[in-house]
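S.K.: Construct all of the structure, not just a fragment, from the sequences and the given hints.
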Amino acid sequence: MSLPALPLFHRIAGQPVIVLGHGEAAQAKARLVERAGGQVIDDLAHGIDIGARLAFIAHDSADACMADALRARGAGLLVNVVDRPALCDFTTPSLVDRSPVVIAVGTAGASAGLAKHIRLRLERLLPQGLGALADALFAAREGLRARFPDGAERRRALDLALGEGGALDPMVAQPAGAVEAWLSGARGGATGHHVIALRSADPEDLTLREARLLGMADAVVAASDVPAALLARARADAQRLPPGAALPEGLTVELRLPG
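Mapping the sequence shown onto the numbering used here, position 40 (from 1) lands on 407, and the numbers just tick up by one.
There's no promise every hint is true.
What the hints assert, rightly or not - With beta-carbon atoms standing in for the labels, derived distance ranges: (1) LEU375 with ASP569: 25 to 35 Å; (2) ASP464 with GLY611: 44 to 54 Å; (3) GLY582 with LEU375: 45 to 55 Å; (4) ASP572 with ALA412: 54 to 64 Å; (5) GLU616 with ASP450: 45 to 55 Å; (6) ARG491 with HIS413: 41 to 51 Å; (7) ARG576 with ASP450: 36 to 46 Å; (8) LEU614 with LEU445: 18 to 28 Å; (9) PRO610 with ARG488: 34 to 44 Å.
If you're looking for bench data, these hints aren't it; they were derived computationally from the structure.
Predicted model, so just to flag it, every value in this text is computed and none were measured.
No residue lacks a Cβ here, since even glycine has one placed at the ideal position from N, Cα and C.
M.R.: As structure tokens, then:
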């Protein structure tokens, strides 16, 4: 299943970013740039001269938008033209901010309103302390490496802790010191070969346990007729293997269609 766009997070702190236009649309983009620490430049030529890499264009005139988009793109910049997806190299998602955790909800320019309302639902679901959990996990990296020297084993232990109902479930507010308390008694996660006998080609028919195993697997075994929508539920970096292939160490999940 192909993606309509490649989601990326750009670090622009201290960097020049071109924002052209007047009115609320341009002001909103300027605020977004400043929120990420970027330097707003309102002159295209100057921005190009000082090495800007991104340009937001929000003119009322379609012709002006087209002209500046072509000029900026010709200078090697990635361009966003507000409310004109066909002229955009990138679009700006609706953001859930639990810094350093940031969740971006995008629709490839199809509907900003839809992205906003998905964001609003997620805002209610995610604990305010999610960023603190991320910071604590970052601070515990050396301790994790010491307890689980093998990278795959370390990932499985984290999967077990961060999974639904786990000791560090990110959807549940965690007290201060939760990561340290978990690490003092942490155990390894699931390994071995697990077979999921699919009831249909619809990923929504996976049970919670099956979806969790598939999402944690180091390798996925599947015949060529297993739909891409099911394989998309696995980790992007998980190995994809044909039936009968030699199985690697770690957690392997085999998908078998009915019949």
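S.K.: Each hint needs a verdict: does it hold in this structure or not?
M.R.: Here's how the hints hold up against the structure:
{"no.": "1", "hint": "LEU375 with ASP569: 25 to 35 Å", "in the structure": "holds (30 Å)"}
{"no.": "2", "hint": "ASP464 with GLY611: 44 to 54 Å", "in the structure": "holds (47 Å)"}
{"no.": "3", "hint": "GLY582 with LEU375: 45 to 55 Å", "in the structure": "violated (22 Å)"}
{"no.": "4", "hint": "ASP572 with ALA412: 54 to 64 Å", "in the structure": "holds (56 Å)"}
{"no.": "5", "hint": "GLU616 with ASP450: 45 to 55 Å", "in the structure": "holds (51 Å)"}
{"no.": "6", "hint": "ARG491 with HIS413: 41 to 51 Å", "in the structure": "holds (43 Å)"}
{"no.": "7", "hint": "ARG576 with ASP450: 36 to 46 Å", "in the structure": "holds (44 Å)"}
{"no.": "8", "hint": "LEU614 with LEU445: 18 to 28 Å", "in the structure": "violated (42 Å)"}
{"no.": "9", "hint": "PRO610 with ARG488: 34 to 44 Å", "in the structure": "holds (39 Å)"}
Violated hints for the displayed structure, listed by number in ascending order: 3 and 8.
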